[in-house]
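**Q** Now for the letters of each chain:
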Amino acid sequence: DAKTTQPNSMESNEEEPVHLPCNHSTISGTDYIHWYRQLPSQGPEYVIHGLTSNVNNRMASLAIAEDRKSSTLILHRATLRDAAVYYCILRDVQNAGNMLTFGGGTRLMVKP
Amino acid sequence: DTEVTQTPKHLVMGMTNKKSLKCEQHMGHRAMYWYKQKAKKPPELMFVYSYEKLSINESVPSRFSPECPNSSLLNLHLHALQPEDSALYLCASSQANYGYTFGSGTRLTVV
Chain B
1 DAKTTQPNSM ESNEEEPVHL PCNHSTISGT DYIHWYRQLP SQGPEYVIHG
51 LTSNVNNRMA SLAIAEDRKS STLILHRATL RDAAVYYCIL RDVQNAGNML
101 TFGGGTRLMV KP
Chain C
1 DTEVTQTPKH LVMGMTNKKS LKCEQHMGHR AMYWYKQKAK KPPELMFVYS
51 YEKLSINESV PSRFSPECPN SSLLNLHLHA LQPEDSALYL CASSQANYGY
101 TFGSGTRLTV V
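So the sequence lines, in the order shown, correspond to chains B and C. When we follow our numbering, the leftmost residue of the first sequence carries the number 1, and every step to the right adds one. When we follow our numbering, the leftmost residue of the second sequence carries the number 1, and every step to the right adds one.
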């Protein structure tokens, strides 16, 4: 599976936008970019995913570089409840096992 | 129902005990998973069930025994565990290429 690289941790102020980067220089053409987050004492939860175009949903936006070798998860207004570990994961649509393999993730701390 | 329910939430067991973790979903998902997560580490895949059949075993020791009695239920039977097996055990389900839905996990302590 293609690997992703994320900063270990980031800090943000409440009510400010947050840009969480992810590098995936070995991404293949059939890899979707997925983001999950894990709040303290909870299981991971799906945030957003995309293939080539930028994506928006109620939780976040996903900006994908034109060469697809990097992406950025954007939280438009961070709240204290957004403090979590954010995982950027590549999933191959041709993978019959359809597994989700987690990397190290970025621990986001939100300051009031 | 859009949840994955795991029971119990907490479990303490001795090294000679036999216990089971349970996972249930009613979303019609045909793939179900067990993950293990140690403190401050990302989740690690243990087993994958697809259409109620074991499709992937990530070289997990035999003291962990998964079972999928039907399309809604997934069990993880535990026997003769070691203290280093203490961790958060997460169950998840998915359908095709859609996102995974995770349960809140069972926090297991082996004494």
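Hints should not be assumed to be uniformly reliable.
Said to hold, decoys possible - Among the chain C residues that face chain B by a calculated CB cut under 10 Å, a handful are:
no., residue
1, V4
2, P42
3, P66
4, C68
5, T101
6, S104
7, R107
8, V111
These are calculated hints, taken from the structure and not from any lab test. Quick reminder that beta carbons are idealized off the backbone N, C-alpha and C, glycines included.
**Q** Each of the hints needs a verdict: does it hold here or not?
**A** Structure-based check of all given hints:
A least Cβ separation of about 8 Å between V4/C and chain B falls short of the 10 Å threshold, and the interface hint therefore holds. This hint holds: P42/C has a C-beta 4 Å from the nearest C-beta of chain B, less than the 10 Å allowed. Among the interface hints, the one on P66/C is violated; its C-beta lies about 15 Å from the nearest C-beta in chain B, farther than the 10 Å criterion. A least Cβ separation of about 16 Å between C68/C and chain B goes past the 10 Å threshold, and the interface hint is therefore violated.
Proximity of T101/C to chain B holds as hinted, the smallest CB-CB distance being about 7 Å (cut-off 10 Å). Interface restraint check: S104/C against chain B, minimum CB-CB distance 5 Å, threshold 10 Å, status holds. Hint status for R107/C relative to chain B: holds, with the closest Cβ pair at about 9 Å, below 10 Å. Annotation: V111/C was flagged as interfacial toward chain B, and the flag is violated, the nearest CB pair being 21 Å apart, outside 10 Å.
Violated hints, in rising order: 3, 4, 8; the structure is consistent with all others.
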